[in-house]
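**Q** Chain by chain, the residues:
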Amino acid sequence: MDSALSAAQAFSVGSLAVTWPVVTTWGVMAAITVASILATRRLSSQPGPVQAVLELLVETLDNEVRATIPGDPERFRALIGTLLLFVLCANWSSLVPGVEPPTAHLETDAALAAVVFFAGIGWGIRAQGLGGWLASFARPSWVMIPLNLVEQITRHFSLMVRLFGNVMSGVFVVGIVLSLAGLLVPIPLMALELLTGAVQAYIFATLALVFIGSAVTGEGGPTAEEPTESSRNKETP
Amino acid sequence: MTDLIQIVSIVSAAFAVGLGAIGPALAEGRAVASALDAIARQPEAAGSISRTLFVGLAMIETMAIYCLVIALLLLFANPFVQ
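From first to last, the protein sequence lines stand for chains A and B. All the letters of the first sequence, read from the start, carry residue numbers 1 to 237 under this note's numbering. All the letters of the second sequence, read from the start, carry residue numbers 1 to 82 under this note's numbering.
So that you can see chain A by itself, here it is in the shape it has in the complex (with noise of 0.2 Å):
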């Protein structure tokens, strides 16, 4: 990687250039489609061992979903776990030789970004019809209108910025210390960037998840929550 904000082109189909981040991401969307294909081939009410651990990660996603979001969690479960699998799948596409993680470019993060962005406004919209949605931005006094305004863009920057900052940065220092040491010095770096991959991805899902929550929900995050009727009644006894 020459400039960690520009990707080197792999191909180009007619004027349209083709660059290598694209090409992998293509790939680890093949990689995540075969093996779902798969491993839902033959589902049975006696699962296996791969069913079995698939219905632990769809169980363990709608169990996060329903602490976060209240009510059925099998809508969110598509988007959210898509997004987990595959931010996952391209941090630890390096693990394959030659291979740079996709996420460690800037437009990949931005266009993840753009997805949470949209499914907030969507699925805001669709919870609370138009005027609710919009009437949630002048919670919880209409000065806070600009501030609010503002905030649905930086956080989605800052989802953005996140996501590449952290596995740039590891793709850098992998890169910077096999020029200086070449042979077993950057394993144990490498084993901290997996494990950083997959916090990253953890985050994600769940940054996306609370951005979606506080737009059906209609309130600011999951910190802004009105105290309940319990626990006001325990503060007065």
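By construction, these hints were calculated from the structure, which means they are not laboratory data. It is possible that part of the hints are untrue.
Unchecked claim - If the Cβ cut is set under 7 Å, some of the chain A residues that face chain B in the computed set are: (1) L5; (2) L134; (3) S158; (4) V161; (5) R162; (6) G165; (7) T206.
As the list claims (entries may be wrong) - Cβ-Cβ distance ranges computed for the label pairs, FRET-style: (8) A:Q46 <-> B:G23: 52 to 62 Å; (9) A:Q46 <-> B:A77: 32 to 42 Å; (10) A:L54 <-> B:A45: 28 to 38 Å; (11) B:A46 <-> A:Q9: 41 to 51 Å; (12) A:A39 <-> B:L19: 45 to 55 Å; (13) A:A39 <-> B:P79: 33 to 43 Å; (14) A:L95 <-> B:L73: 28 to 38 Å; (15) A:T196 <-> B:S34: 34 to 44 Å; (16) B:F76 <-> A:L134: 38 to 48 Å; (17) A:T196 <-> B:F76: 15 to 25 Å.
For every residue, glycine included, the Cβ atom is placed at its ideal position computed from N, Cα and C.
Start from chain A and add chain B according to the hints.
**A** Frame of chain A; chain B shown alone:
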């Protein structure tokens, strides 16, 4: 003239990351310390505490990442160097 701009860019990129890492590092340390404190007092709430901790750490970490992005812009996409 370009040499001077490049030198200043490199030095300020190093300062941006170095100084910008101090605040988030202290903040993350405090956050993790209080989360561990809370888990030690109330182990049954470990799940929700660690979920909130992860989200909060990601938010704090963003500040350091912003500094990193500024440093990268200075190094690779500097508008003042042709």
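**Q** For every hint, state whether the structure bears it out.
**A** Structure-based check of each hint:
Taken as an interface hint, A:L5 checks out: its beta carbon lies about 5 Å from the nearest beta carbon of chain B, inside 7 Å. For A:L134, the shortest C-beta to C-beta distance to chain B is roughly 26 Å, which exceeds 7 Å, and the interface hint is violated. A cut of 7 Å between beta carbons decides the hint on A:S158: the least distance to chain B is about 5 Å, and the hint holds. Interface restraint check: A:V161 against chain B, minimum CB-CB distance 6 Å, threshold 7 Å, status holds.
About 5 Å separates the beta-carbon of A:R162 from the nearest beta-carbon of chain B, less than 7 Å, and the hint is met. Contact between A:G165 and chain B, as hinted, is supported at the beta carbon level, the nearest pair being about 4 Å apart and thus within 7 Å. The restraint placing A:T206 at the interface with chain B holds, with a minimum CB-CB distance near 6 Å, inside the 7 Å limit. Here the CB-CB span from A:Q46 to B:G23 is close to 55 Å, well matched to the stated 52 to 62 Å.
The given range of 32 to 42 Å is broken by A:Q46 and B:A77, whose C-beta atoms sit roughly 57 Å from each other. At about 29 Å, the CB distance of A:L54 to B:A45 agrees with the hint of 28 to 38 Å. About 48 Å separates the C-beta atoms of B:A46 and A:Q9, a value consistent with the hinted range of 41 to 51 Å. Between A:A39 and B:L19 the C-beta distance comes to about 48 Å, which sits within the given range of 45 to 55 Å.
In this structure the supplied range 33 to 43 Å is violated for A:A39 paired with B:P79, their Cβ-Cβ distance being about 49 Å. For the hinted restraint 28 to 38 Å between A:L95 and B:L73, the CB-CB distance of approximately 30 Å keeps it satisfied. Between A:T196 and B:S34 the C-beta distance comes to about 23 Å, which lies outside the given range of 34 to 44 Å. In this structure the hint that B:F76 and A:L134 lie 38 to 48 Å apart at CB holds, the actual value being about 40 Å.
Taking the beta carbon of each, A:T196 and B:F76 are about 21 Å apart, inside 15 to 25 Å as hinted.
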